[in-house]
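S.K.: Read off the chains here:
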Amino acid sequence: AQSVSQHNHHVILSEAASLELGCNYSYGGTVNLFWYVQYPGQHLQLLLKYFSGDPLVKGIKGFEAEFIKSKFSFNLRKPSVQWSDTAEYFCAVNAPNNDMRFGAGTRLTVKP
Amino acid sequence: DAGVTQSPTHLIKTRGQHVTLRCSPISGHKSVSWYQQVLGQGPQFIFQYYEKEERGRGNFPDRFSARQFPNYSSELNVNALLLGDSALYLCASSASGDIQYFGAGTRLSVL
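Read top to bottom, the protein sequences are chains A and B.
So in this note's numbering the end of the first sequence lands on 112, straight run, no missing numbers.
So in this note's numbering the end of the second sequence lands on 111, straight run, no missing numbers.
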């Protein structure tokens, strides 16, 4: 069965610091990969997605993620975080026609 | 355009009762999925429906059931509620089944 692991439960950064959130999945076939963000009091929103092609994908608000097939990883990055990036971040994986599996989430707190 | 709408936003039930949660997808989306999100965890997949047919089912007991109507809206039903069913229930819709757009959820508290 598919599973998704997010390495960090809670990350605390100061503004302008760089961010990298880890995500690993266990599935041997072709997968679609996603990062979703949940801002305080808001619903889940899609940050970025990878289906195929260039393994470095760019999303909204300056976020990017790199798919490394050999490592079964899809880490999220941002060069310089802002206070408004404070949120919970979820990595998700689904194989075509299969259900979507989410990681447990990483809570990011950015101190002004 | 309206996003995914869910009703009610909050619900309080007692153990043993039954609950029905409702979801209206984004206009034009034919697929609806349901998730349970317990505090401190990621969403757990319950069901996916596409064109009124069940396409996927997660590891949930038979007390959980769902259906999709001809207008693509959906209901999630939970029978014989347990304390452990207290959670945020999320509905997501998609056009193709890949990119899912989430509603704000229904917060269910079972006392």
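Accuracy of the hints is not assured; some may be wrong.
[What the hints assert, rightly or not] Straight-line Cα separation of at most 30 Å, DSSO-like style, residue types lysine-lysine; simulated pairs:
#	chain 1	residue 1	chain 2	residue 2
1	B	52	A	49
2	B	13	A	61
3	A	58	A	71
4	B	52	B	13
Quick caveat, the hints were computed from the structure, so don't treat them as lab data.
S.K.: Each hint should be assessed against the structure and marked as holding or not.
M.R.: Hint check:
1. With a CA separation close to 26 Å, the supplied pair residue 52/B and residue 49/A stays within the 30 Å bound.
2. Between residue 13/B and residue 61/A the alpha-carbon distance is near 39 Å, which puts this suggested pair outside the 30 Å criterion.
3. Only pairs whose Cα atoms come within 30 Å are accepted, and residue 58/A paired with residue 71/A is accepted, the gap being roughly 20 Å.
4. With a C-alpha separation of about 28 Å, the suggested pair residue 52/B and residue 13/B falls inside the 30 Å cut-off, and the hint holds.
Violation of the numbered hints given earlier is confined to hint 2; every other hint is satisfied by the structure.
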